Amino acid sequence: MEMDRSGALLEVEGLHVRYKTKSAEVYALNGLDLRVERGEKLGLVGETGAGKTTLALSILRLLPERVGEITAGSIRYEGEQLLEQSEAYMLGLRGRRISMIFQDPMTSLNPIKTVGEQILEVLDLHFPGLSKAEKLGRVARMLETVGIPASRGGDFPYQFSGGMKQRIVIAMALIGEPELLLADEPTTALDVTIQAQILEMMSRLREEYGTAVILITHDLGVVAEFCDRVAVVYGGRIVEQGSVEQVFARGMNHPYTEGLLGCIPELDSRAERLTPIPGQMADPTVQPKGCSFAERCGRCMEICRTRQPEPFESEGHSIMCHLYGPGEV
Amino acid sequence: MYLVKYTIKRLLMLIPVILGVTLILYFVLELSPSNPALQILGADASAEQIAALEHEMGLDQPIIVQYVRYILGVLRLDFGSSWVSGYDVLDTFMLRLPDTLMLAFTATLWAVALGIPIGIYAAVKQYGVFDYGSMVLTMLLFSMPSFWLAILCQILFCLVLHWLPATGVGSLRHFILPALVLGANTLASMIRMSRTSMLDVLRQDYIRTARAKGASKAAAIVHHAVGNSLVPVITQIGISFAGCIGGAVVTESIFTIPGLGSMLINAVKARDVPVVMGTVILVAIIVGVINLVVDLVCAKVDPRIDLAA
Numbered sequence: 061m062e063m064d065r066s067g068a069l070l071e072v073e074g075l076h077v078r079y080k081t082k083s084a085e086v087y088a089l090n091g092l093d094l095r096v097e098r099g100e101k102l103g104l105v106g107e108t109g110a111g112k113t114t115l116a117l118s119i120l121r122l123l124p125e126r127v128g129e130i131t132a133g134s135i136r137y138e139g140e141q142l143l144e145q146s147e148a149y150m151l152g153l154r155g156r157r158i159s160m161i162f163q164d165p166m167t168s169l170n171p172i173k174t175v176g177e178q179i180l181e182v183l184d185l186h187f188p189g190l191s192k193a194e195k196l197g198r199v200a201r202m203l204e205t206v207g208i209p210a211s212r213g214g215d216f217p218y219q220f221s222g223g224m225k226q227r228i229v230i231a232m233a234l235i236g237e238p239e240l241l242l243a244d245e246p247t248t249a250l251d252v253t254i255q256a257q258i259l260e261m262m263s264r265l266r267e268e269y270g271t272a273v274i275l276i277t278h279d280l281g282v283v284a285e286f287c288d289r290v291a292v293v294y295g296g297r298i299v300e301q302g303s304v305e306q307v308f309a310r311g312m313n314h315p316y317t318e319g320l321l322g323c324i325p326e327l328d329s330r331a332e333r334l335t336p337i338p339g340q341m342a343d344p345t346v347q348p349k350g351c352s353f354a355e356r357c358g359r360c361m362e363i364c365r366t367r368q369p370e371p372f373e374s375e376g377h378s379i380m381c382h383l384y385g386p387g388e389v
Numbered sequence: 025m026y027l028v029k030y031t032i033k034r035l036l037m038l039i040p041v042i043l044g045v046t047l048i049l050y051f052v053l054e055l056s057p058s059n060p061a062l063q064i065l066g067a068d069a070s071a072e073q074i075a076a077l078e079h080e081m082g083l084d085q086p087i088i089v090q091y092v093r094y095i096l097g098v099l100r101l102d103f104g105s106s107w108v109s110g111y112d113v114l115d116t117f118m119l120r121l122p123d124t125l126m127l128a129f130t131a132t133l134w135a136v137a138l139g140i141p142i143g144i145y146a147a148v149k150q151y152g153v154f155d156y157g158s159m160v161l162t163m164l165l166f167s168m169p170s171f172w173l174a175i176l177c178q179i180l181f182c183l184v185l186h187w188l189p190a191t192g193v194g195s196l197r198h199f200i201l202p203a204l205v206l207g208a209n210t211l212a213s214m215i216r217m218s219r220t221s222m223l224d225v226l227r228q229d230y231i232r233t234a235r236a237k238g239a240s241k242a243a244a245i246v247h248h249a250v251g252n253s254l255v256p257v258i259t260q261i262g263i264s265f266a267g268c269i270g271g272a273v274v275t276e277s278i279f280t281i282p283g284l285g286s287m288l289i290n291a292v293k294a295r296d297v298p299v300v301m302g303t304v305i306l307v308a309i310i311v312g313v314i315n316l317v318v319d320l321v322c323a324k325v326d327p328r329i330d331l332a333a
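Chains as they are written, first to last, in my numbering: chain R, 61 to 389; chain Z, 25 to 333.
The following block holds chain Z by itself, in its conformation from the complex (with noise of 0.2 Å):
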């Protein structure tokens, strides 16, 4: 029961987030230098036009009431429609959202599933060959730029090996490339984590309480150092995840894939507010609502978290 209170209590805690992306967003959007009634005619409408059409979209009221106006719409789910396109916002997002959620989930995947094992083995067999070698794994994944590698990847895969596809969408191997590059730097941190994480672990004196017992190695690691290591890393995984969100800006104009990322950066390049500003706020709840799952997982993982407090 109190997993749905807290499940509320949390989502309520979103409201007053959003508020303060949108306020921030939204004066700066304000200052800057552009006439959206303009935009929308072009440039050859007349002066009598452009007033009009201000009036229309609400622009002659003072920035208070704009703001205003805008939240009540949002509390509606009314984002408004692109200075642009004049599509309906929320439309366009929830269009363009599965390749990016995709994109995201893939590239946190495969880190995950191959980052935690690494960095678990690498901390059993500490100062080995094979620990080492991630330890030097990781710093190239850190301190790679994802476009750099993605350029990379671009050239081996497909130019050389004409294995995959270099840019679009439509299959699942067009998912590949850019879900590498993208998990490239989740991986790195999961390594990295894990294995801080599980050396912390092995330490502990209950790990010894175990082999004191007759617990062999092997099953001390996998049956009381796993579990106590992950605590950590699972938030670093939600973190990663919206990470890759946020990141998909990059990796999807590179490899042309219509998700939100090259949505957001056409919108800025073309000044086109409600798209910003409607992106920003449904990727703020998608972040939180996972920031949610997050640590509702790791209370189960972890019975001292109290949600209750």
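Chain R extracted, bound-state conformation (with noise of 0.2 Å):
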């Protein structure tokens, strides 16, 4: 198969994906853009209910059945249109081309399967031309990359730690040896020593299979310290995105952004106390006409409650706010 190598690994644009249950549509990702390069790190952070998942699961299209429905947009992955193609193509890429981590270790495996049997799935699914042999040797040798001893891959998941349930559930996500990693939210479950050594292990890894990952999280600290660029997402749009330099550097920012930053204590500053976010995450279920931020932005103008901002760009660095406009800088 022919493929696109010279462009970006993923590529989404203008996504809409709308939630249908009894009580309310909601409006999940509402015209989302990004790009992703191979083998790169990007972090995806927002607050919970975003649409950090929901991105995710668009693209393996693993949204609640019946609820969950891409309402426009493309994505597309190495030049394929992923909205476009049967379910026997997106099966094959499915742990094979991209894998996901999900955020709790504790309910991603099945309890009444070996851990074993759980990794060696991937590559029963994947790998059909190995011989048995062969597989077990590659999920012995998976299982030893990522910090468990080989000879306990005939446990079952409750025998495991946190921690190591979290290696078990990275093992299977990357013995396929996919090109782009989704994790959502890895650590998140796990307590902050384990939480270290996992992204410790995760980082070692992408260098060594030269997997691009995006990191979904709400732990700025996690992103400065893991990854490339940062995508910041409110209302289930990207609105700002950029290196982790540019973002992190205070100069320019999302008013939204800027309030993230504002929730990290620093340790040279005398501040005493976070400047939290006033109110709440926009309510979902309305569309709003103007900037999703607006009820709660601090710099708020006249324009933000009447129209979208169009992203603003300098270097890469991509921000969508009225502040920054063609006129302003």
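Hints are computed from structural coordinates only; laboratory data are not their basis.
Any given hint could turn out to be false.
[What the hints assert, rightly or not] Derived EDC-like pairs (lysine to aspartate or glutamate); straight-line CA-CA distance at most 20 Å:
1. R:349 - R:85
2. R:82 - R:71
3. Z:241 - R:147
4. R:173 - R:215
5. R:173 - Z:155
6. Z:241 - R:144
7. Z:149 - R:147
8. Z:324 - R:144
9. Z:324 - R:85
10. Z:241 - R:125
11. R:80 - R:125
12. Z:241 - R:85
13. Z:149 - Z:54
14. R:82 - Z:155
15. Z:241 - R:184
16. R:80 - R:97
17. Z:149 - R:129
These numbers come from a predicted model, not from an experiment.
Given two chains presented individually in distinct reference frames, assemble the corresponding complex, making use of the accompanying hints.
Right, dumping it as structure tokens:
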């Protein structure tokens, strides 16, 4: 198959996703644009409900059936339109070319199958040509790679601690050697010391396999440590993206990013209180005419309530805010 | 090794259960205004004859002594003999056990074999026509009294269609209707349990994980959902099977099957204490063993169940 090696690995354009429940329609993604280059480490940051997980599930086309629906937009992966592919194509893609690590390692493993079997399943699905012995060898090596003795492959998930389970989940995600890894808050459910270990390990493995990673998190510290680039999600859109340096420099930011950065304590400043972002996450059941952050924004202007801002770009740093228009800067 | 240990432990735990069952039963039966000696000898017996028989049977002893004697007999597998027929209780029980076991087994078997797939399919196709249909079916099966269902079946299959014999035993064909009727309730609970359990499992994160690995929806269901959904269902199978043995009392008398149920009913009517006691104890043992088997199977399916603990 001829693949377009020059373009981005993943290109998401104008993605709209809607959840239909009995009581309401929730607009989860509202025209989200995102580009991921090969081997890149992208941090996807935002509050709970901003649409981070929805994006990951959309890419894999695993949105909850009958509830979640992609209403507009396109997702191109290695030049292929994913939204137009057959389910059979997606089966070959999931776990092999794009893998996902879910938030809670406690519940993401099948409790009645051994962890070895569950890792092996990926090889059974995607490498049917390999011999049984070869597959088992790969599983054993993968377990060792994530720091679990291969002899424990016959153990069940309940026999492992949370951190070890997450290592197993990571082993499961990497054994197919995917080009893209969607890591949905992989460390949120773990305690801080384990978090650092897992991140360090992911970083090492990422180098080894050259996998691109979308690290979904609400922890800016994790992003600063792990990622090359950051994309900030608010109200189902990317409101700011740029390199870690650009975004964390606190030079020019989207007011929402400013708010997020204001929530991190700084060791060298004498601030006694952190500055929280006032108000609540925008109601996702209504589609605002203007900027979805307008209600909570300290620098909200007349235009913000009536018109969607266009992205303002400078040296790869893009901000979607009326403050930074062609006239203003 | 711990399996053997666990099995022995569980079997030993049956002893207090049986002591409890017999204790209650013995004293309740003692309260009933019957005179066994009179019952055995008939209304013409003289007072001396009655007193002599009472002495022989130990009925002139205090009730505690009688109870202890009875239990000591049970430990030697001596359940006494019927006050009505004079036959040995254990022999009669063993004679009638096969029909009842056969009935309860076939009833449970067809209900399980049909109920679990229906329940699972209904869950997978939740809110579909099949799902609603199966829910209406379970409601009907749950709410129909078994004697009524039995009569309806007899009218339809015997009187109208002439397909099956209405009563009696003798061939496998005789078991079809009783098993159908007896299993109806089990079928309903199997459908309900496996549907609920499956719906719960389908929402679990590990199903999504399996899909993200590249498993098709069907493969995720077969390899990851079914096994997990069966754990509570297996427990229910054990309860249902025990229930079928109890429920056989009604079904057997409608279809005139000479099993334990009809034996127990006749014994209760005739105040035949040894037969009632013996049957209840032996059925309690059977139910206890079934529960043990169920727990062993559950532990086999779900590694989190730790029998050693």
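Which of the numbered hints above does this structure break?
2, 5, 8, 9, 12, 13, 16
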